[in-house]
Amino acid sequence: MTTTHPTSTSTRAGTLGTNAHRPDGVAKVQGGFAFSSDMWSENMLWGATLRSPHPYAKIISIDDSAALAIDGVECVVTAQDVPGNPYYGLIMSDQPVFAAIGDTVRYCGEPIAAVAADHPETCKRALAAIKVVYEILTPVTNPQDCVSGIAPQIHPQGNVYRHQRIITGDQSIVGDVIVEGTYEIGMQDQAFLGLESALAIPDSGGEGLELYVATQWLHEDRKQIAACLNIPEDKIRLVLGGVGGAFGAREDISLQVHTCLLALKSGRPVRISYGREESFYGHVHRHPATIWMRHHADRNGKILKIESTMLFDGGAYCSTSPAVLINAITHTQGPYKCDTASVEGWAVRTNNPPCGAMRGFGVVQACFAHESQMEKLGVALGLSPVEIRLRNVMETGDRLITGQIMDSVAPVEQCIRETDAIAMPEPLLPNADIRQIPGGTGLTAQPGNIVRGVGWGVSMKNLMYSEGFDDYSTARCRMTDGVVSVKFATSEVGQGFTMLAQQIARTILGVDEVLLDTIDTQVGSAGSTSASRQTWMSGGAVKAACEKVLEDLFDHAALTFELSRDHVRIEETDIVDILSGRRIAVSEASKGINLDRTEEYHHPPTEDLDENGQGNCHVAFAFVAHRAVVDVDVELGLVKVVQIATAQDVGRILNPISVQGQVEGGIAQGLGLAVMEEIIVKDGKVRNPSFTDYLLPTFLDAPLVEMVLIEEFEPKSPLGAKGVGEPPCISVTPAIANAIRNATGRELPRVPIRPYDICL
Amino acid sequence: MSAQELGNEIYTLKVNGQSHPVKDAWIGESLLYVLRERLGLPGAKGACEQGECGSCTVVMDSQAVCSCLVMAAAAVDTEILTVEGLGENGSLTDIQQAFLAAGGVQCGFCTPGFIVAVHHLLDSNPEPSDDQIRESLSGNICRCTGYGRILEAVKIVISQRDAS
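Residue numbers (our numbering), protein chains in the order written: chain Y, 1 to 760; chain L, 1 to 164.
To be clear, the hints were calculated from the coordinates, so they are not data collected in a lab. Hints may contain errors.
[To be verified] Partial list, derived from the structure: chain Y residues whose beta carbon lies under 10 Å from chain L: (1) Ala-191; (2) Ala-558; (3) Gly-592; (4) Ile-657; (5) Gly-666.
Keep in mind the model is a prediction, meaning the values are calculated, not measured. Note that beta-carbon positions come from the ideal geometry of N, C-alpha and C, so glycine has one too.
Work the whole structure out from these sequences, hints included.
As structure tokens, this is what we get:
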């Protein structure tokens with residue numbers, strides 16, 4: 001890893017810019033860290049969920065009497081046990097807590113009932129004993145039928161989640177060179193390792209409860225749970241259970257309401273823990289999409305106009321489909337200048353599995369299309385992949401197709417040039433270790449059949465929520481007799497926010513030890529751990545709270561120690577009066593006092609798009625370039641990704657190893673989408689809901705990653721840093737696809753690229 | 001579970017050098033379930049239930065196994081080592097330290113399985129090549145790190161052990 005600028009001005013251990021220790025690190029390597037699936041309570045029952053085996057069916061009857069007769073079964077809950085809102089959802093309240101008698105199930109795996117019992121095995125037997133009579137209906141599985149209107153309406157709120165266009169510029173422009181294509185992106189799963197799990201503990205008075213849950217947004221969960229349970233929010237305390245990865249799959253409610261209902265009905269603590277198969281049914285996935293795109297360019301390669309239609313299959317319930325679609329269409333141009341565009345996007349309801357947030361959030365799909373197009377444009381003009389992109393790079397101050405002015409730092413050219421400067425890997429040797437060639441230890445590929453290819457991908461990604469949403473973050477900082485503690489409701493999902501919060505407090509307040517309070521709903525919302533937003537947003541809130549405490553400390557110290565109030569500052573762990581040169585240790589100055597501040601951080605407001613897709617809808621952007629080198633056995637269709645070179649725009653680097661980990665981890669997920677990961681859905685049914693059949697990149701699949709971090713302070717960001725989580729996984733997918741195209745000469749319009757796409 | 005189905009017989013598992021009686025267990029319980037839910041050893045994690053992800057890796061009689069695939073009652077008379085059995089008196093092993101120093105831990109769900117697998121790897125092959133490390137650990141899935149920092153951690157340990 002190299003960086004383009006020095007990363008730190010402070011060398012004090014654990015401050016901003018250093019590789020601080022993770023506060024959860026020791027517990028995680030020793031196996032003692034409590035994930036939500038490790039939670040346990042005295043007198044606890046196990047819960048489990050009955051799910052529909054049909055993608056679309058009317059429920060005629062539910063008979064739970066045989067289940068209740070089983071020794072060890074405590075209770076069963078169904079739709080009639082939901083005291084409040086029978087529906088939930090992030091944007092549209094359209095998903096039933098349980099499908100009710102007389103209503104329909106709309107996807108295969110939809111919850112119908114839940115049981116609580118003394119043992120997981122008893123739960124399984126109870127689920128098998130519940131008799132549900134269905135009237136099977138013909139599912140709507142082709143999203144195009146919802147656009148054309150020929151599909152029957154499968155939900156009272158209609159089959160279209162959102163239809164939005166973007167029109168800007170002179171539509172009569174025709175380019176000297178025109179390239180087009182229709183691209184498909186398969187349904188990817190987040191596949192976090194820590195399965196969905198929650199423990200609900202009812203209050204002794206029966207009025208409320210406590211829920212320990214692995215989630216991305218405690219307050220949003222609480223709001224939806226309270227509405228379904230018809231209990232005031234202040235009677236429900238949500239505590240973050242240890243989260244084993246998220247990647248978007250924990251933004252929606254899954255088992256939260258079910259667990260609470262069982263606990264309230266039984267009066268006992270209840271834990272539900274999904275297995276892997278159930279997890280595939282229990283959370284939303286990345287939208288499969290079909291994108292048509294046409295680029296017009298002049299003879300020099302300058303993009304003149306882009307036309308596109310995008311169709312996103314949102315599946316049975318809304319989740320975040322409207323926002324995913326808006327992200328996709330507003331990123332049609334990618335990180336390139338473009339004055340004229342005509343884009344039409346649809347997100348629709350089908351009886352396929354519900355889709356929603358996954359790392360990259362709509363931009364992954366748009367990027368696969370625009371980067372496939374850039375490759376075609378380069379070929380059509382006789383320009384290299386680097387040259388065609390350099391001729392179009394976006395810069396700060398450019399006008400986007402939405403009319404918004406790019407006011408983020410936008411080092412797109414530097415991303416491309418730095419990536420291009422990274423050394424190519426060594427050629428594959430005829431006697432290469434079998435673990436380095438396509439097919440690996442399967443010993444199937446012959447070195448003589450292997451062709452090397454190189455491909456590029458460059459992307460732009462919005463940071464934070466968009467379209468007028470005020471996704472603020474809250475943090476509380478206390479300094480009590482010299483001891484600093486910070487509190488927030490920010491979900492730590494593995495990214496390291498708890499470590500960053502300590503780094504911020506150490507740096508601002510001049511202390512070495514920072515305590516972390518429980519992550520729960522006993523403080524204001526932090527918004528979701530998604531959209532690459534927590535470093536910026538919750539980092540901004542922790543910074544603001546610490547700065548307020550610092551001002552209070554300065555007030556106190558100036559009076560007590562007769563310092564010049566306007567000339568004090570923190571140097572290392574001292575308060576220094578820069579007029580007199582006097583130094584008072586922070587530990588000394590803070591003795592016997594109690595400072596306590598809670599602050600919110602709000603990003604600048606954004607706007608909805610108008611009917612022509614115009615509006616300042618996004619807060620900020622980050623950029624990245626990827627170059628992939630692949631070896632392909634063209635006869636067998638086997639691919640080995642040899643190397644990914646990348647240069648990423650990261651703003652100020654706050655923790656170098658964490659950034660490196662995000663980049664490498666994101667690249668592995670983008671590789672997965674490029675060559676192996678897909679939830680296969682046929683007739684509305686998932687065919688591969690297991691880790692045996694849903695393939696994830698292993699250690700042997702992971703490429704060498706060579707990275708340059710482009711460190712340029714982002715003035716709009718509270719800490720100067722940009723979110724780094726999503727960009728790594730976005731353009732690496734088309735970079736790999738372009739490399740395979742380069743090696744094979746095939747168009748390969750769809751990811752994941754399967755062996756038979758290459759060799760048949 | 002009904003009393004009839006819970007065998008009242010006690011069997012004993014030897015885990016991390018200590019004997020643990022297991023009573024009132026259903027005979028179908030996996031080693032992973034018994035370790036986690038009956039013996040208070042939650043370090044091994046369940047993430048796939050079919051031996052694909054390695055999160056539940058423990059060492060059984062010097063073999064790394066997926067404890068989700070082993071019936072607990074079949075593990076009687078074996079020596080079982082879990083992540084909790086590594087390190088003396090709560091101290092970190094060189095491998096655990098290297099995972100932290102190299103950034104090999106993010107969400108941490110795969111970490112205990114990886115730590116056990118790396119201990120097993122370096123016990124059986126102290127000087128693995130990069131390709132051998134990758135192959136040996138390819139039964140452990142990590143969704144966060146992309147494996148780069150984990151590879152780095154293993155290489156740190158190898159070079160540290162070489163130096164000493």
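Hints, verified against the model:
no.	hint	result
1	Ala-191	6 Å, holds
2	Ala-558	40 Å, violated
3	Gly-592	35 Å, violated
4	Ile-657	4 Å, holds
5	Gly-666	7 Å, holds
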